[in-house]
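Chain A is fixed; fit chain B onto it per the hints.
There are 2 protein chains.
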Amino acid sequence: MSDETINNFFSKVDSLKSNFITRLAEAVAIPSVSADAEHRPEVVKMAHWLVKELTDLGATDIELKELGIQEDTKDLQLPPIVVARYGNDPAKKNILIYGHYDVQPAQLEDGWNTDPFTLVEKDDALYGRGATDDKGPVICWLNILQAHNELKLDIPVNLVFCFEGMEESGSLGLEGLIEKEKDAYFKGVDAVCISDNYWLGTKHPVLTYGVRGCNYYSITIEGPAADLHSGLFGGVVHEPMIDLSHLFAKLVSPSGEILIPGIQEMVATLTPEEDALYDNINFDLEGFEGNIGSKTIIHDNVKSALQARWRYPSLSIHGVEGAFYSPGAKTVIPAKVIGKFSIRTVPDIESAKLDQIVIKYIEEEFAKLGSKNKLKAELIHDGNYWVSNPHNWSFRAAARATKKVWGVDPDYTREGGSIPITLSFQDILKTSVILLPVGRGDDGAHSTNEKINVPNYIEGTKTLGSYLHYLAEEEKDA
Amino acid sequence: MSDETINNFFSKVDSLKSNFITRLAEAVAIPSVSADAEHRPEVVKMAHWLVKELTDLGATDIELKELGIQEDTKDLQLPPIVVARYGNDPAKKNILIYGHYDVQPAQLEDGWNTDPFTLVEKDDALYGRGATDDKGPVICWLNILQAHNELKLDIPVNLVFCFEGMEESGSLGLEGLIEKEKDAYFKGVDAVCISDNYWLGTKHPVLTYGVRGCNYYSITIEGPAADLHSGLFGGVVHEPMIDLSHLFAKLVSPSGEILIPGIQEMVATLTPEEDALYDNINFDLEGFEGNIGSKTIIHDNVKSALQARWRYPSLSIHGVEGAFYSPGAKTVIPAKVIGKFSIRTVPDIESAKLDQIVIKYIEEEFAKLGSKNKLKAELIHDGNYWVSNPHNWSFRAAARATKKVWGVDPDYTREGGSIPITLSFQDILKTSVILLPVGRGDDGAHSTNEKINVPNYIEGTKTLGSYLHYLAEEEKDA
Numbered sequence: 001m002s003d004e005t006i007n008n009f010f011s012k013v014d015s016l017k018s019n020f021i022t023r024l025a026e027a028v029a030i031p032s033v034s035a036d037a038e039h040r041p042e043v044v045k046m047a048h049w050l051v052k053e054l055t056d057l058g059a060t061d062i063e064l065k066e067l068g069i070q071e072d073t074k075d076l077q078l079p080p081i082v083v084a085r086y087g088n089d090p091a092k093k094n095i096l097i098y099g100h101y102d103v104q105p106a107q108l109e110d111g112w113n114t115d116p117f118t119l120v121e122k123d124d125a126l127y128g129r130g131a132t133d134d135k136g137p138v139i140c141w142l143n144i145l146q147a148h149n150e151l152k153l154d155i156p157v158n159l160v161f162c163f164e165g166m167e168e169s170g171s172l173g174l175e176g177l178i179e180k181e182k183d184a185y186f187k188g189v190d191a192v193c194i195s196d197n198y199w200l201g202t203k204h205p206v207l208t209y210g211v212r213g214c215n216y217y218s219i220t221i222e223g224p225a226a227d228l229h230s231g232l233f234g235g236v237v238h239e240p241m242i243d244l245s246h247l248f249a250k251l252v253s254p255s256g257e258i259l260i261p262g263i264q265e266m267v268a269t270l271t272p273e274e275d276a277l278y279d280n281i282n283f284d285l286e287g288f289e290g291n292i293g294s295k296t297i298i299h300d301n302v303k304s305a306l307q308a309r310w311r312y313p314s315l316s317i318h319g320v321e322g323a324f325y326s327p328g329a330k331t332v333i334p335a336k337v338i339g340k341f342s343i344r345t346v347p348d349i350e351s352a353k354l355d356q357i358v359i360k361y362i363e364e365e366f367a368k369l370g371s372k373n374k375l376k377a378e379l380i381h382d383g384n385y386w387v388s389n390p391h392n393w394s395f396r397a398a399a400r401a402t403k404k405v406w407g408v409d410p411d412y413t414r415e416g417g418s419i420p421i422t423l424s425f426q427d428i429l430k431t432s433v434i435l436l437p438v439g440r441g442d443d444g445a446h447s448t449n450e451k452i453n454v455p456n457y458i459e460g461t462k463t464l465g466s467y468l469h470y471l472a473e474e475e476k477d478a
Numbered sequence: 001m002s003d004e005t006i007n008n009f010f011s012k013v014d015s016l017k018s019n020f021i022t023r024l025a026e027a028v029a030i031p032s033v034s035a036d037a038e039h040r041p042e043v044v045k046m047a048h049w050l051v052k053e054l055t056d057l058g059a060t061d062i063e064l065k066e067l068g069i070q071e072d073t074k075d076l077q078l079p080p081i082v083v084a085r086y087g088n089d090p091a092k093k094n095i096l097i098y099g100h101y102d103v104q105p106a107q108l109e110d111g112w113n114t115d116p117f118t119l120v121e122k123d124d125a126l127y128g129r130g131a132t133d134d135k136g137p138v139i140c141w142l143n144i145l146q147a148h149n150e151l152k153l154d155i156p157v158n159l160v161f162c163f164e165g166m167e168e169s170g171s172l173g174l175e176g177l178i179e180k181e182k183d184a185y186f187k188g189v190d191a192v193c194i195s196d197n198y199w200l201g202t203k204h205p206v207l208t209y210g211v212r213g214c215n216y217y218s219i220t221i222e223g224p225a226a227d228l229h230s231g232l233f234g235g236v237v238h239e240p241m242i243d244l245s246h247l248f249a250k251l252v253s254p255s256g257e258i259l260i261p262g263i264q265e266m267v268a269t270l271t272p273e274e275d276a277l278y279d280n281i282n283f284d285l286e287g288f289e290g291n292i293g294s295k296t297i298i299h300d301n302v303k304s305a306l307q308a309r310w311r312y313p314s315l316s317i318h319g320v321e322g323a324f325y326s327p328g329a330k331t332v333i334p335a336k337v338i339g340k341f342s343i344r345t346v347p348d349i350e351s352a353k354l355d356q357i358v359i360k361y362i363e364e365e366f367a368k369l370g371s372k373n374k375l376k377a378e379l380i381h382d383g384n385y386w387v388s389n390p391h392n393w394s395f396r397a398a399a400r401a402t403k404k405v406w407g408v409d410p411d412y413t414r415e416g417g418s419i420p421i422t423l424s425f426q427d428i429l430k431t432s433v434i435l436l437p438v439g440r441g442d443d444g445a446h447s448t449n450e451k452i453n454v455p456n457y458i459e460g461t462k463t464l465g466s467y468l469h470y471l472a473e474e475e476k477d478a
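Listed in order, the protein sequences are those of chains A and B.
Per full-length UniProt numbering, residue 1 is the first one in the first sequence, and the count goes up by one each step.
Per full-length UniProt numbering, residue 1 is the first one in the second sequence, and the count goes up by one each step.
Derived by calculation from the structure, the hints in this document are not laboratory data.
No false leads were mixed into what you were given.
For each label pair, taking beta carbons as the anchor points, the in silico distance ranges come out as:
1. B:D275 <-> A:K376: 38 to 44 Å
2. B:G328 <-> A:D75: 21 to 27 Å
3. B:K376 <-> A:L76: 42 to 48 Å
4. B:K376 <-> A:G176: 48 to 54 Å
5. A:E350 <-> B:G293: 38 to 44 Å
Computed list of lysine-lysine pairs in PhoX-like fashion (alpha-carbon distance at most 20 Å, straight line):
6. B:K295 <-> A:K374
7. A:K376 <-> B:K295
8. A:K203 <-> A:K303
9. B:K250 <-> A:K250
10. A:K295 <-> B:K374
11. B:K368 <-> A:K295
12. B:K336 <-> A:K295
13. B:K368 <-> A:K250
Covered stretches of chain A (chain B as the covering partner; in silico rule of three or more C-beta atoms under 8 Å from a C-beta of chain B):
14. 220 to 231
15. 234 to 242
16. 299 to 311
Each residue gets a CB set at the ideal place from its N, CA and C atoms; glycine is no exception.
Okay, chain A solo, but in the shape it has when bound (with noise of 0.2 Å):
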């Protein structure tokens, strides 16, 4: 990609800058909330939508692809996932690009500044329900393919588009579908860009090239057939809810060490390499603590923090189901308990082996209590993290295009939490996943007065547009 052919694509953004936010305002008009039933129909619309401006850019083979009626519904229809091509050059690498077109539930009366399903622009952002999850973001996609065609200008990849609309409920039927079209539609598919995550901060981008997983855990303690009444039965039975203390103590100390053993020695050694990832990345505790609205981190430096959140595992304790939990002041002896807890997975933890070790734990310490009580510990569900190489080719082209950009390396980071799609498109697609995040740390994804700022989407037009071009340049590793 030459300077000038570069300079020419980022003049075209910038002219078409109103045109793109009123293609967002269009987009973030359609309340696509998936996680209602009631709205299934707007999320049908927002696919359609996508089908009408894919057809208008350009982009061929089109298809909406039906998943069949949500499970647990009656005759629920799950919304289709769009899948489209740009390009069918055999000479080309080809780049699945992966979106999602459906939304977190938003109600002014949640304490929205405005409606969320109106875009509105206010101090240079954009707000609006999927501003920044992920309708921005998807919508740069679309902005990249008018910017080229109207420079007539070659984009020099292959672009498999999957644009799915059940990501903030689960993804339901994605993964089937990934499978089913692995050697169909998604064949030959040389490199994954998914742009559904966030800056660190505000200020510096990023690319993110891990994700923690989570085994979640349950255990059941047993003891009375209903609840009692502590004043006839406090020191007389073995109580449940004090069983389930005994075990919660035992599980991690107060400063997060997991204090089962098995766990740490199964944890991929830091490399110096690997180490000097955290060395420069832009964060402050100060900044963190400020998010978290409490001096309560366990961590003196940003690194210790930052390898804590992403590359170690960690123990959350959640709650307690069967207890009292109401305010107030009840004289019950609960008589069965659920204890809640997690461990956020990390290379080189292997999940099975995991259960295994915890549940076992859990089972040594319970006798060790000497109580009649019955205990059962199980795990309730799993997801595997996800690590990819940050140095493979196409972090080197994202790299190459945020440096072109915003002028600055990108900071690496991962992810403390889970996104499984990655991992099912790693995994079974065969090939190297990278997050590109578009937007800021402070977005509020989730939250009310989502936004995404004025230059993330326009520069985010620019970063993903020109990492097209130097993904073509880069040589793919062995």
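Frame of chain A, contents of chain B only:
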């Protein structure tokens, strides 16, 4: 009391059986539910029903003591306390009879086999709300008056009745009235008899000489300003729920041993005489396990189990406010949790000293955790224990009455739970209190299908009636 007199009284009670059942049926038909503002007129109606009965039976000085507006309501009048006298001979002892005429809520839909406000006789038991708690026992006293009137038999003590209408709703206004009338209406009371608890089991009559107190505490731990996502912040922040779990585990062992130093030291030493009261109590662990519906009793013999229940302190953990409590799996780090626990107190634990010990211990243990979260441990409410001398003149009279009616010596029991009014009468009137129950342990006082067995109702009338005669004979203790 000659054998002839007593036999006449017993025969009269037997002959009035159907009359007594009709009287109870009339009372049960008035749904005097104190917890429900809409039922308040029915509670008042029940007070007037008592006034009419007392008037017809020759009671004097009958008054409805008004208690004003119920706190935290706009204009809801508290139901009056019905006071009355029967006999006013300065040469006789004065016995205060306490009972309550309000009842727990009840609806057929809750699982009643028959309308809760229609007394139904089945298998020699009388089913209906209030049958045993506490209309049955209250009406036993009315039955005693009727039998004596018809026999023209003197009651050898003066009776002072005190029937309240808010017992099931915290006895609002009662303590104030006792305080107000201690040197007026209630002046000169020699003993108080309360029939508002139950036999330990279903076969053996009991006299009750103690109840435990209860100090209820909360542990509030605050970390972040709002709930956090465990993926993003797990391993990064000190989690309040983890801190709380560690503190909970420091309070009490799984076998019920209180781990807070200094509490056991305050407990009165068990004397051989007191220990002997537990030797032959009609009670078995199998039946107790049957009540509980599980084999999770800490103790392997009746004596230890009952002493743990009645005369030793216990600590129960009730639950957590602020944590995740629903079914399912939520990956939340709760920002603020409030743990609830309580300690059942016994002689000679001083409530204020206990608070001091408990709160100091929690603060010290929290300091050891090294958490940056904020802790606040505090007392929510307390109620003192009550213990009487089970060998005093009132108990001796009750034991004689029991032996006469039932042919067996009573078991001496305590209650694990609190009955605060017991203590109010004892402390304010500076007199001895006895709990002399009429109903059985399986009467279902606060449950569906509440009942009183006909033998308990009729023999209970005889027991309470002969108790009055023996009271006149027994010499008051110094």
